[in-house]
Amino acid sequence: MTIDWWGLGLQAVNVLILIWLLARIFWRPVAGAIARRQAAAQSMLDAGKAAQDKADAALAEVTNTRAGIAAEREAILAEAKAMADAARKTALAQAQQKADALMAAAQTTIARETEAARKQNAAQASALSVEIATRLLAKMNTPAVQAAFLDLLIDAIAKMSASDRAALASAATRIEIVAATVPDEAEKTRIEKAVADALGGAADLHLVGDPELIAGLELRSAHFVLRNSWQADLARILKEMKDAA
Amino acid sequence: MNSPLDSVVLFYLGPVPITQAILTTWAIMVVLVVGAFALTRRLTLRPSRRQAALELMVATLDTQIRETTGAEPDPYRGFIGTLFLFILVANWSSLVPGIDPPTAKLETDAALAALVFGSVIWFGIRGGGVGGYLKSFAAPNPAMIPLNMLESVTRVFSMFVRLFGNVMSGVFVIGIVASLAGLLVPIPLMALDLLTGLVQAYIFAVLAMVFITAAVEDGAHSPPSPMKKDA
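Going down the list, the sequences are from chains A and B. For the first sequence, the residue numbers in our numbering are 1 to 245. For the second sequence, the residue numbers in our numbering are 1 to 231.
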């Protein structure tokens, strides 16, 4: 067995050349293709990650914006609620004020109407009282009452001033002595004589009847009236009661 | 039948005898280079099946280198990959009738072993410098320097002998059986020879890678000297 050193060297050179050639036309290109694909994939991953980060940032911004919107909404709602509360309070106060004014006006009206009703009731009561008294007194028109009214008439004439009495006595017009009922002639004459005596002169006296007087004797001329009857009294009382009401 | 240990000289180029193994090697080189050129002409970002197969092969080789050395495969890919491809194709060239695989000859295997020997030195110096490479012989301690130096020769010699013995024996056995039993009987042996060729190519490449890695790692991480430790 011998070693062919030329062959050994030539084979070594051959394999070295093959290593050199394949390194350049096979291993490097294929490894480069793998590296390029890895780089492309990495760049795509990076781009995807960048897009993801961008999307995350956008999402965070949207979240923040949404939170801001929610906070703004809360603030607006709170402000609107405060304004509504203030408006409600104002409206409530105004309504209360108006209601108070209306109540005051109503109370005033009620008081006025109550007062008016009370006055009307008082007037009606007075009128009723006078009506009752009129009916009752109508039953009490007795000669004694008549005599008492005559005395009162004489007394009233006596209390007149002398000049008035003289003027009345000398009046040209007829003087009427008005009684509730016309008495008989004797009584009529007695009354006319008593009145004439009280007047102190020869006046033209005529006794006439007027049931409206209820009871009493009055003097009436064209320009003079001397009230002296229950009618006059009741009318005066009624007037006083009305004035008092 | 010629002795498988003898090389048949076909012709001479000056003083250089050209044997059949050399001629076959040239043919393998042409096939590999032309094939590589044809296969890698249109590499695109979106790979075809052909490109995907090529990339699978390179990726597998890178994975093997990375798992064996723990380093990036770029500096070793060309050497280790070409070594594997050449030995594989050379081993399988026995399928071509009338062709003896170049790896069945002493010169080719010795040349490959010499290249591995040289590459261990080259990558060792490149990885740790001349000092680092020389220090790698002192691992784990300077007493191992003679043994390490002897080992650096014997291990590549063992590679050479292993490859030569396996391939040559396969060719020899197939030749004997074919001469004795006829046409179809050697086929199972030829299939076994294919497997042997593949395994031998793989073993040769892996061992080369391991030797290179050992030289690079020992040079880069050489242990402190005992003198420094005493100081």
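Everything labelled a hint here was simulated from the structure, so no lab data went into it. These figures come from a predicted structure and were not determined experimentally. A virtual CB, placed ideally from N, CA and C, is assigned to each residue, including glycine. A portion of the hints provided could be inaccurate.
What the hints assert, rightly or not - Pairwise CB distance ranges, derived in the manner of DEER restraints:
1) B:P15 to A:S43: 56 to 62 angstroms
2) B:R46 to A:A70: 17 to 23 angstroms
3) A:T65 to B:A71: 48 to 54 angstroms
4) A:K54 to B:G129: 23 to 29 angstroms
5) A:S43 to B:A53: 51 to 57 angstroms
Claimed, not checked - Anything over 12 angstroms on all C-beta distances counts as not near chain B; from chain A, calculated:
6) G7
7) L8
8) N14
9) A80
10) A111
11) E131
12) E185
13) A235
14) A245
Stated by the list, open to error - Under 7 angstroms between C-beta atoms, here's a sample of chain A residues computed to sit facing chain B:
15) D4
16) L21
17) I25
18) A33
19) A41
20) Q42
21) M44
22) L45
23) G48
24) A222
25) F224
Verification of the hints:
1. The hinted window of 56 to 62 angstroms between P15 of chain B and S43 of chain A holds, with their beta carbons roughly 57 angstroms apart.
2. Between R46 of chain B and A70 of chain A the beta carbons are some 48 angstroms apart, a value that contradicts the proposed interval 17 to 23 angstroms.
3. Judged by the Cβ atoms, the range 48 to 54 angstroms given for T65 of chain A and A71 of chain B holds: they are separated by roughly 52 angstroms.
4. Here the CB-CB span from K54 of chain A to G129 of chain B is close to 49 angstroms, at odds with the stated 23 to 29 angstroms.
5. For the pair S43 of chain A and A53 of chain B, the supplied restraint of 51 to 57 angstroms is violated, since their beta-carbon distance comes to about 25 angstroms.
6. Consistency note on G7 of chain A: stated as away from chain B, yet its beta-carbon is not over 12 angstroms from all of that chain's, at 4 angstroms minimum.
7. A beta-carbon of chain B comes within 12 angstroms of the beta-carbon of L8 of chain A; the shortest separation is about 4 angstroms.
8. Under the 12 angstroms C-beta cut-off, the non-interface status given to N14 of chain A relative to chain B is violated; the minimum distance is some 5 angstroms.
9. With 12 angstroms as the threshold on Cβ separation, the claim that A80 of chain A sits away from chain B holds: the shortest Cβ distance comes to roughly 61 angstroms.
10. Interface exclusion of A111 of chain A from chain B stands, the closest Cβ pair being 105 angstroms apart, more than 12 angstroms.
11. Listed as outside the interface, E131 of chain A is consistent with that label: its C-beta sits roughly 129 angstroms from the nearest C-beta of chain B, beyond the 12 angstroms cut-off.
12. Residue placement check: E185 of chain A keeps its beta carbon more than 12 angstroms from all beta carbons of chain B (closest about 161 angstroms).
13. With a minimum CB-CB distance of about 133 angstroms to chain B, A235 of chain A clears the 12 angstroms threshold, and the non-interface call stands.
14. Every C-beta of chain B lies more than 12 angstroms from that of A245 of chain A, the closest at about 120 angstroms, which supports listing it as non-interface.
15. Annotation: D4 of chain A was flagged as interfacial toward chain B, and the flag holds, the nearest CB pair being 5 angstroms apart, inside 7 angstroms.
16. A distance limit of 7 angstroms between C-beta atoms decides the matter here; for L21 of chain A the minimum to chain B is near 5 angstroms, and the interface restraint holds.
17. Here the hint on I25 of chain A is kept, as its CB sits about 5 angstroms from the closest CB of chain B, short of 7 angstroms.
18. For A33 of chain A, the suggested interface contact is upheld, since its CB lies about 4 angstroms from the closest CB of chain B, less than 7 angstroms.
19. The interface hint given for A41 of chain A is broken, as the beta carbon of that residue sits about 10 angstroms from the closest beta carbon of chain B, more than 7 angstroms.
20. The interface hint given for Q42 of chain A is broken, as the beta carbon of that residue sits about 13 angstroms from the closest beta carbon of chain B, more than 7 angstroms.
21. Contact between M44 of chain A and chain B, as hinted, is not supported at the beta carbon level, the nearest pair being about 11 angstroms apart and thus beyond 7 angstroms.
22. The interface hint given for L45 of chain A is violated, since its Cβ lies 15 angstroms from the closest Cβ of chain B, which is over the 7 angstroms cut-off.
23. Look at G48 of chain A: its Cβ only gets to about 17 angstroms from chain B, farther than 7 angstroms, so that hint breaks.
24. Violation of the interface hint for A222 of chain A is found here, the shortest Cβ-Cβ separation to chain B being roughly 146 angstroms, above the 7 angstroms cut-off.
25. Annotation: interface hint on F224 of chain A violated; nearest CB of chain B at approximately 146 angstroms, more than 7 angstroms.
When held up to the earlier numbered hints, the structure conflicts with 2, 4, 5, 6, 7, 8, 19, 20, 21, 22, 23, 24 and 25 and fits the remainder.
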